[in-house]
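**Q** Each chain, written out:
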Amino acid sequence: MNPPTQTAETPAITERIARLRQQSFEAPVTLSSERAVLITEYYAKHHAKDSIPVTRAKALAYLYRHKTLYIGDGELIVGERGPKPKAVPTYPELTCHTAEDLRILNQRPMTRYLVDDADIEAYEQKVIPFWQGRTMRDRIFAGLSAEWNDAYEAGVFTEFMEQRAPGHTTLDGKFYDKGLNSFKRDIQQALDAIDFVADPEASAKREELSAMLIACDAVIDFARRHAELAEQLAEECDNNARRGELERIAEVCRRVPAEPPRDFHEALQMYWFMHLGTITELNGWDAMNPGHLDRHLIGFYEQGLADGSLTRESAKELLSCFWIKFNNHPAPPKVGVTAEESGTYNDFTNINLGGLLADGRDGVNELSYLMLEVMDEVHLLQPQGNIQLSRKNPDSFLKAACRVIRNGYGYPSVFNADGVVEQMVRCGKTIEDARAGGTSGCVETGAFGKEAYVLTGYFNTPKVLEVTLNNGVDPRTGKRIGPATGDPATFDTFDDLFAAFEKQLKHFVEIKVAGNQFIEQMYAKSMPAVFLSVLIDDCIQKGRDYNDGGPRYNTSFIQCVGIGTITDSLSAIKTHVYENGAIALGELVDALGNDFADHEPLRLTLANKTPRYGNDLDEADAIMQRVFDALHAEIDGRPNTRGGKYHVDMLPTTCHIYFGSVLGASADGRKASEPVSEGISPVQGADRHGPTAVVNSAAKMDQLRTCGTLLNMKFLPSVLAGEDGITHLASLVRAYFRMDGHHMQFNVCDANTLRDAQSHPERYRHLIVRVAGYSDYFCDLSVELQNEIIARTAQESV
Amino acid sequence: MHTGRVFDIKRYAVHDGPGIRTTVFLKGCPLRCAWCHNPESQSPDIEFQWRGDSCIACDLCVDACPSDALQRNDAVGQQRNLERCIRCLSCAEACPSHATEAIGRDMTVDEVLAEVCRDAAFYDESGGGVTLSGGEPLVQSEFAIELLRRCGERGLHRAVDTCGCVPSESLLRAAEHAELFLYDVKHMDDEAHRKATGATNRLILDNLVALAGTGAGVEVRVPVIPGVNDDHDNARATARFLAGLDRPPSVRLLAYHPMARSKYLRLDLSQPMPGDVHTPTAAELAKFAEPFVNRSLNVTYHGDRSDEPAHANR
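Protein chains in written order, with the numbering used here: chain A, 1 to 798; chain B, 1001 to 1314.
If you are wondering where the hints come from, they were derived from the structure by calculation, not from laboratory data.
A quick note: this is a predicted structure, and the numbers were derived from the prediction, not measured.
Check the hints yourself; a few may be wrong.
[Stated by the list, open to error] Derived lysine-lysine pairs resembling DSS-like cross-links, with alpha carbons at most 27 Å apart: (1) B:LYS1010 <-> A:LYS609; (2) A:LYS645 <-> A:LYS503; (3) A:LYS609 <-> B:LYS1263.
Could you build the full structure based on these sequences and the hints that come with them?
**A** Below, the structure written as structure tokens:
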């Protein structure tokens, strides 16, 4: 047996980083009720005194004035959202955990959150009595239609905003040049410019802008408290070197974020206060993301090297300190179905490296390489990273990334920067804004610092086919959830079946969109993200909130799941029902309803004698294109309520497990409850002609009409050995991107290692694998997900 | 219309020449090397294999057979009467579980070419192309040469993986249509060569001399088989011979690996290699490589440091 390839100890890093990294890795994930209690206190006392935006801003100020501060020994970048590293706050105004939820979190075997009795008591006595029935989640579920609830319960789609705020936000470079005092002047100017005579939105704008001023002050005040704490710690410190560091931390926190950073250290701390501010005021999906960190920091880096205040090594140490801060912030715990769809500590910060500058030049710089080194050496669960690879970027950059990929953490993932720009321009962004954008979350495309691009929920495409095959009824429950589109036994042609599928698709997309519109407006009116609005253009100029159409671009995504499963299912029906007539559609539906009981030869025939997606077979891939076109026609371009439009993403996170669990047997030979395919990857094990065939099949989807697709490739380490292995991997990526492919991610681990990790988790606590759009600790995954990762075809080569 | 008997087409082949390649395996080989990894490639005939662990005993193969050549019983599984079998492949087509599979199918040059060209983007990016392998691809020389010529029209880089035991005329004609030969040299001693492969090495060595004179790129591959050809004398003799060629080729040592043993079982063939033969270690390969290094030949093998940087001939 091979020893685990990943270890907690990495010799190249400094003693300080080794220590901080180990502490962050080993700290247990705990739940802290502090935020919930402080927010509840504020609301109990002041609720309805001010407008909603001002209440939100003052609640943040109250929280920031009273929350416990933390400056860890040896830290250079400071500030925690919770009272200590990996102490995760909750957001009862969005979703309020019950005491029972908290006990389950404390006890469940996977992705556990330790909860003290005192926290449960605080919840029972203060938090739950105040918020019960008043949370966004309560109000959203109360306001959604019966047909929405039916489809939701059947697992046709999920809903993102039922317990986290609209998020998915990435910042641009503007605050490296200007501090919050300068933002406050802009806000004041916008306030002064309000036309109270003619503008019907004048008072709403005044409230929003006034709230922004309060939020800026809250964040500046929070930094000041850190400066004071650092000064106090410095006074008490016996160690001269550490005292100097603490004095420096105090100086930095007195400077930023009120004023712009003057050097590399201050720039990192500046970002970190922006990060904390946005993830503390609300619990947005996909946390927060610095975006193109390499290009934002390169000026500070070069200036530091030139004036002698920085060396490559000291910059790397600061960056490593910064990296570790992300890992101290696990995702807040969820309740209900979304806990299954995405059970992970990962909060999806996904740093972008390389790509194109706003003027179209090659964006790779020395920091792109340095950050790849940091990614490799620190390799914690968070932050994740990716490279944005343009045809203008040098191969040396791609190969440097491939060498990190080969180490098997699942990151960096690789994105097609040129394709990303084309996608955004198609959606109406300027080319400069598009180039300054990139991807965040898992694979989603956005204009950094200028866009609210909101994931609204996953869409279970194979479930829609199942409902079609059952004439509008969910066979799992016997309940009618869709229109009667005809008994499948009466369909004479494959086109008849597909037409019925399109009718069901329209029905469910419209239910989903109607629900989204309602929820969007709930957030627009009831839950503004005031501090975030300061940082996203053009919220200040418009005097509108991030959640209310304030950004320059306002996009809603529906993420479609299971394209492989539905393609193969339709291909099987086309082949065996309509082409060779081996079985009537009615009989097939019956066999599916019985989960292929006594029909094993049929099941295997469907699985093995059908042209399947992922093999570069045009007859199968044409069906994939047809399904994609149907999804696109139904979703893309529909208006949302924030002045923007809907677009299609093809990504699953881990939702393909949940979607499979609510789906009976499918015509591709998949048995009931097994996962559906993930991303745009083929059904697990259906691809039999190697990675180039998978890539060719995937590239037949017109990915430029999406805002993100996810393709998972699994390689055995031996395939990537040596310089040739790196070159081949790089060539595979370049060829896919030539065909407008959007994204590729890699798992480099052999099945035997994974099986051994399943049996002996204690030996593999550090083993990070690629899941879907992100990496996770293998031992933190559910057994189903572990099995599925093992089952994904390893791309063996001859 | 040329047709050839193909037993496999492997895409993303990364060990059969430079870059990402598609390797077309043609059926039939004049040699019978005991260590052969592809025993299903040796016979020019279409063959069948049956996997007991995949069989679900549905008897669809038996029902599909038009000539009553198949029987199945629970004790031994599928039994095929080869005298009755007409190679119509109905059984393999009927099998739902990939338990019964035919090895070998007849394809036209156009069909193979279409398959090969599907990965053109990957060849462009990686400096790859197409490799003909086998079996011995030049046993089907007309088909192989026509395929090479047509690939050349498409601008593809072409490699031929050959055992060299073919008519000189075929080899030299192929050399006009290929950029690279992966050329096996198994033993310098004729008697030992006959014993290990069933054929003389004279034609192979003469052909290599002739091929080296054409200017075609050649990488000589020496399978290092413990107890067969891994002795120092053979290493020295091979190195001396190669160094004496007009243009000394690069050399790659391929270590014996017993992974083909399960194939022999599936194909119902007896195991020609003893089960206790081990895979040579990197140290043993390094020792074997010494005479090549001493004669300034560019020699690589898995596990050496020169495996890391790009090869001189790539």
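**Q** Does each hint hold? Answer for all of them.
**A** Going through the hints against the structure:
no., hint, verdict
1, B:LYS1010 <-> A:LYS609, "holds (20 Å)"
2, A:LYS645 <-> A:LYS503, "holds (22 Å)"
3, A:LYS609 <-> B:LYS1263, "holds (23 Å)"
In terms of the numbered hints stated before, the structure departs from none.
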